[in-house]
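Spelled out from the first residue to the last, the chains are:
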Amino acid sequence: MSVAQSARHDAGGARDGMPSAGKPALWVFMGVVTVLFAQFLHAYIVRMGYADWQRLPTLPTVWLNTALLLLSSAALQWAQVAGRHGRRAGMRAGLFLGGALALAFLAGQLWLWRQLTALDYAIASGPASSFFYLLSGLHGVHLAGGLVAWGMTIRRVGHNGVTADGLLAVELCARYWHFLLALWLVLFGLLFIVPPATILAICSSA
Amino acid sequence: MAYSSAEQHHEPHSFWTRYVWSQDHKVIAVQYTLTAIAVGLVALVLSNLMRLQLGFPGRFAFIDANHYYQYVTLHGMIMVVYLLTALFLGGFGNYLIPLMVGARDMVFPLLNMLSYWVYLLAVLVLMASFFVPGGPTGAGWTLYPPQSILPGTPGSDWGIILMLVSLLIFIVAATMGGLNYVITVLQARTRGMTLMRMPLTVWGIFVATIMALLAFPSLFVSGVMLLFDKTLGTSFFMPAIVSMGQALSYKGGSPILFQHLFWFFGHPEVYIVALPAFGIVSDLISTHSRKKIFGYHMMVWAIVAIGALSFVVWAHHMFVSGMNPYFGFFFATTTLIIAVPTAIKVYNWVLTLWNSSIHLSVPMLFAIGFISTFLIGGLTGLFLGNVSVDIPLSNTYFVVAHFHMVMGVSPILVIFGGIYHWFPKVTGRLMNDTLGKLHFWVTFLGTYAIYFPMHYLGILGMPRRYYAYDNYAFIPASAQQLNAFITVAALIVGVTQLVFLYNLVHSTFRGRPAGSNPWRATTLEWQTPDTPPGHGNWGAEQPEVHRWAYDYSVPGMAQDFVPQNSAVAGGGDDHDQKAAGRKKT
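As they're listed, the protein sequences go chains A and B. All letters in the first sequence, in the order written, are residues 1 to 206 by full-length UniProt numbering. All letters in the second sequence, in the order written, are residues 1 to 585 by full-length UniProt numbering.
Simulated from the structure, these hints should not be mistaken for laboratory data. Don't take each hint at face value.
Claimed, not checked - Straight-line distance between alpha carbons at most 25 angstroms, and here's what the computed SDA-like set of lysine to any residue pairs gives:
no., chain 1, residue 1, chain 2, residue 2
1, B, 251, A, 87
2, B, 230, A, 87
3, A, 23, B, 231
4, B, 230, B, 191
5, A, 23, A, 115
6, B, 251, A, 41
7, B, 230, B, 142
8, B, 251, A, 42
9, B, 251, B, 231
10, B, 251, A, 50
11, B, 437, B, 376
So here's chain B without its partners, still in its complex pose (with noise of 0.2 angstroms):
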């Protein structure tokens, strides 16, 4: 395990080398969570936009029909695949998944850097789709033909072949670094790091880039298909069409062929944020309440059932677009089955923090809002995982609150709890407290202020997507007052981040000093000899792995935490005490 040889680690010296074009998997992270932030940000400007629109219809005259569209759209799209997948992936696993094995870097530092880079050029190309004649796609972030590359929908000349460009850009970026964070769990773990050692961040993230690395394909064919349509003038998913008066050349391809492709990324999708989240959840709620893990293997297997069971579920997005009643059976009752690991995770985070000692740090506060927004996201999940539900919801609020709750907030929540819990080892700084208290209850509650009330606004009827609702004789005028009292609280969630973004940015440089181990945490990321970790991560020798990651308070012992490289006796998981009984018999 020498270190000196390996002609890849000599330290890179000038700026350049060191902070641009980097192969540190530390500084590809930190490249990542910017660039998502950066773009992140813009997405909360687009949803604010598109909230003073339903909030106060027609008092904003620069936001038109065709504005709004193209808001819902990017705001969508980069939300999900810009933002979250790239900083869940790209951010929290890179810096990450070395430093939690024991890896002095990714396997593949080179293919890492272009990760980064190609990420990056598909966000410039996405961006750049504000500046063309025509605007951003409007189409809605699921793209449906036909009518996403029909004129009259906004961007349906440059807009959409951005947007398409943008993510099969992105998916050659998240195979790159996909492929890198597999192989690097798979080949790189240090000594004793066995798979069932890894904390289950490494767990959640490992298995959400598996299925990324399934399922993006997905997507890709359906971009690239919808493309051709689009520049080619194939017909693969456009039928016969009349369009503003004219019959178009297209003829005989399927539009619901579109619809299963992009759902059969869709879906999995979904997992592929809500995976590293649970990861992250469970090491937060550990570390913070000073117990071990509630039931670790069976973590681990329901990350893994969760994982396979979301490739058979992804028809319930399309119960409204007609289907064999059969089918809607098939995937209804997949959908429900996939409750069953998800509830087990949740009863688990819940019975890891019965009888702890819970601190209510800023990353624990997290954690524990998240437990609440996801438990509420997934029980309406189960509303409209019945078709018979779904039908007259699918198309109201109710939706928009559901996937906002359960793959919005929740997701978001873990990101910032994430970002508190290891901005110590990134920076060697601790956030500032109180703000990162002040922005936790305020983003909490109000979130909850946001997404509450459009539960009753899809059960009143109220159709999402609309961009005004006036002549609507079924909605009562107070759906009104509940709509500008949303846009409110969303206008306040919003400025609420720039003291979240204040607070990383003072943090960084006047933070207080944190040490190495301020959680007083397990895991080998902690253990670093350097704070920040300096290239190569672990100076002369690696780290020799002796235990799980949860040893907290375990009894007998000096402190009230075992680091997985301590190799004092006793701790360890059921299975490593009851190897260890076997031992002294």
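Isolated chain A, as found in the complex (with noise of 0.2 angstroms):
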């Protein structure tokens, strides 16, 4: 989304000596995007109770996306930590790589659309693929503006050495990343993996 991004467009300058707001501004933002996908998953979870729930079918997509996302951040995780000891090629090695992947995850989830769809799972078939589409849909947009601030973040860290600058950058890249992966794994477990009796019981008890 354009607001991470533009974020962390102006992360880099710390002004007037204050510390930099890249960081808290990004856990804000963080912050208003768990309460969206709590309001959404509050709707899904209610409608999860009515009697013609049925379930999506797992396709092995959804694993192999999955495992994509996961390397993606873990590449982005080891931008970072070689940025702190100072490897420049190694920071833009996980960076590039990160980013990579994450576009593989994209491109991964419109196939898995495409075969849902193939399988007369199309969107308006029933409320869990409404949900489904909906849900991926919306999480993908968020990681779309993240690629938008990796691109910036390309640019940023230049070819002269580890800046502070570039290193900020791509810390906030490492933990929008991680936020997106921990997102995802709560919709892909929501979504497929826990049974919905299950989750009913929890979410009725509290």
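Each of the two chains sits in its own frame; use the hints to bring them together as a complex.
Dropping the structure here:
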């Protein structure tokens, strides 16, 4: 999203001796996204309690995509660690790899959409499908926004060693990626893995 | 704290970068304000058209039932979201936060600029719905499904789609702005400006912004899902339904779920608008009565408490939708509890005025007018918060009267008061006093003339939302006379706003020069080296804060106010004094 992207854009400019605002801004933004998805999941779980609920099949592609996002997040972590140790080459490599894997994840998600549509699980075919396309789509939009920030980070890490500015941008990217990974794992679990009866039992006892 | 090196701060020179694609918070604030006022005027005209039909039914042939519902819907939506929210956060928030906390600008100027342009896009998309086939949506501002997206409701083809898209765009804009306001308050305060020294205006806007960041996602969720139901055929909110004799393909969705999501946003929204108003009123009252605000710490905690409580009262908007009685009991209780911190605020304003030196300037008139309207609107809220009283009154004009007093008139009075108060800082000129007083008295008395009778219509049982009231035997003929009276009052109040506009435009160019601090106020925005403040606000050096914002009429001082950046000894709030006392001993 442009929020994250622009937050990053300005992040390096710690001004007038102020501490950088990029980190708290990203925390607040992740808080907002958390609330957003919490609301969606609230609606999802309410709907799940109706008698006509039928879960989507868990295609192998789902596992593949999850692995891709996991690796993407790991690559960015690697970039961050390399950056902190002053290894510019490692940082750039991790950054490029992380972005490429994220792109692969998005492509995989689109492929998954096509597969499900072909299997007659189109968006309007039932409540579980509707929620799946909605939630995965919105997650994808947030990752795409992250990729815009990633593109600007690539430009920022430049050629002159590891700058504080560049490192901060990489750290923010990595943090946002981990957040989106965690978010996806929650979605993945609730959409495909945890049995509906368990979810409902937990949520109705709370 | 050097100013020179930061690259963002070279001053823009061309007209375009200075006034259009500006990243300066002051210019963006003016852009937000003017856009909000413009769209607010549209909503004002819509309300007057609505009143024409209610006061003189059938006399104006162009207002058919469809148009009437479109006016109702757009009036409500524009006023609540595109005027009040945008003006308080985007207008006042943008202008005042950096100046009041002593910052040079918002922390993310580019994001700030984007926020305005995205807001403008949302406004344009909404306005475009007037020109699409079928016109704007007439679903009521709450957009309840299933009716909002089904044929039979005006604008159910294109109007509703543009409405939802516009809301989603608005939420993106509000999030970008909100991120900025929160981080600026947290990170960019100047030296000495502790949180507990911030003026209550900043506190109100700050907490309201946090609430907006937490509440708008809920509207986003309901908006996206409703949009999917409309355009992609999903059934998130749509049950199996027969529409106009035809069975539709929807099945299994829950309309009540929409109501929960909508009001989880909708109720905090009331306080997103009210908290900045509370803050601004506190500062206006203290400044124009030359007395420290009564109970500053209590005021801050009341703002925070109201912000938190407002997230657990939403279902009091849904008592008539049907719910478990225990649920209703819970929400009625929380609703009544929120009256406690709110009442504390009202007491503190009145206690600030007590024995003070009240200057009846135009901003002060609006502030005192606000206390009155807010009190009346708040008291009827206590009625409606009780389930058993709410159910018979819920669909009547009593509710219209209640929410217009409490969240229509009250915040608007504060907006006017705030504009009269800060206009001299924005333009360097004073607004015309006589016109201001005329504007205040007609608006203040006029709104009472409009809304006070509505309480009685409501108790008579006159239903709200209706286009015409023919053949309802229980409504006496005199109700129609009252309706005609209300309409005349509404038209007069509507036309009077032109006086305000004239004053705004005329004073911008011809107003009396104001000097840098015409109200002899303590807060930082009045202590800038230039008026209007230059790019970067503070010239060579950012101010350093030595005291709270309410050192008025401190005994033994040469002046009756001590600016926050004055290092002179004495004054300060209780905490400062205690600290000073400890130092001495």
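Results for each hint:
Restraint check for residue 251/B and residue 87/A: not satisfied, since their Cα atoms lie roughly 57 angstroms apart, outside the 25 angstroms limit. Taking the CA atoms of residue 230/B and residue 87/A, the gap is about 52 angstroms. The hint is violated against a cut of 25 angstroms. Straight-line distance between C-alpha atoms of residue 23/A and residue 231/B comes to about 38 angstroms, which puts the hinted pair past the 25 angstroms bound. For the suggested pair residue 230/B and residue 191/B, the alpha carbons sit about 52 angstroms apart, so the restraint of at most 25 angstroms is broken.
Of the pairs offered as hints, the one joining residue 23/A and residue 115/A is violated, with about 39 angstroms between alpha carbons and a cut-off of 25 angstroms exceeded. For the proposed pair residue 251/B and residue 41/A, the alpha carbon gap of about 20 angstroms is at most 25 angstroms, so the pair holds. A threshold of 25 angstroms between alpha carbons decides the hint, and for residue 230/B with residue 142/B the separation of about 16 angstroms falls inside it, so the pair holds. The suggested pairing of residue 251/B with residue 42/A holds, with an alpha-carbon distance near 20 angstroms, which does not exceed 25 angstroms.
Of the pairs offered as hints, the one joining residue 251/B and residue 231/B holds, with about 15 angstroms between alpha carbons and a cut-off of 25 angstroms not exceeded. Annotation: proposed proximity of residue 251/B to residue 50/A holds, straight-line Cα distance about 12 angstroms (limit 25 angstroms). For the hint linking residue 437/B to residue 376/B, the alpha-carbon distance of about 22 angstroms falls within 25 angstroms, and the restraint holds.
In this structure, the earlier hints numbered 1, 2, 3, 4, 5 are contradicted, and the remaining ones agree with it.
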